[in-house]
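The numbering used here puts the sequence shown at residues 2 to 329.
Check before you lean on any hint, since a few could be wrong.
[What the hints assert, rightly or not] Calculated cross-link-like contacts (lysine-lysine; reagent style DSBU-like; alpha-carbon spacing at most 30 Å):
(1) Lys285 x Lys87
(2) Lys285 x Lys266
(3) Lys130 x Lys325
In case anyone wonders, no lab produced these hints; they're calculated from the structure.
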Amino acid sequence: SPFQLFRSALSAPAPSSHHNHGSSSSMMLASSAAAAPALPKSVVFATSGLGGCLGWMIVHPANTLAIRMNLASMRGETFSMTELMKKPNWIGGLYDGLSAGIWRQVFYATTRFGLFETFRDMLHQYRGKTDFASRVGVGAVSGGIAAYLSCPCEVAVVRLSNDSQLPAAERRNYKGVVDAMLRISREEGLGAFWRGSNPFVFRAMMVGVFQVATLDQFKQIYDDYLGIKYNTVPNVFCAAMTSGLIYSVATMPLEAAKNRMTSQKADPKTGQLPYRGILQTLSKVAADEGFLALYNGFLPYYLRCGGHTVSMFVLVQIIRDAYKSNMM
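Please work from the sequences and hints to get the whole structure.
Right under this line is the structure:
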């Protein structure tokens, strides 16, 4: 049943409490290190990546809106959803950069969740237990590694998603993710792929920490105070969306810094880039446009974060259950 699906995916052994809920971490991260039968590591990585890709197809339009709203203020403009809806094929335009987004998930989701489970199990064997602190630490490390490896795809996502919103003379007019990759490397050098790597990596580490720290707590709160039964589909959905709200608030400034650093162009006169690092970017945006400019596009960003958490988790678990039923 769906309830059993979520319980098997989210529950991890821990000392019993008065609720007898056990302990769980974010998304599918909390599957027991001692679960039997254990999935082969190749299947862990493959299902993580596939679930991430399928989940991204659902939330990519929200990501596109978040990027466009966030970067509009960089050009001194105000993003208008009404004006966007007047354009022909505006719905299809929300899927600009989808191919790059899927490639990003191939590297990011596969590495992040595959490494999380691998490192978690290795640490469990070494320490003899899997506790909250180890999940937080492993979540941060695996998230940072995954973000750094997938940064080239992230650059392509940002640029492809926003290119049609630029004035005609400023558009790069990439033909697709492959063309974007080739042109960036040829025109700007390989270093351009990691221009926004620092905020991207720090954001991914914070997401890992906040998800681990808040998801299970919110599941218990919804059970205790609102009667939404622990580990049921409605319970996990509400907890994931609430957890997503918390880490969206915490990480949106880093997302804004990453978007600007990856999409920027050098000054034609000086050859200098306007955004050169995390703190410099954050302080410059806050000084020039106001602190709240860092939160332009927050609503679609939140929908992307919470929506991808829920959709990817469900899809990964469905795929893994199908594999266990048919291949093990």
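Discussion item. Going through the numbered hints above, which ones does this structure break? Give me the numbers in ascending order.
Written reply: 1
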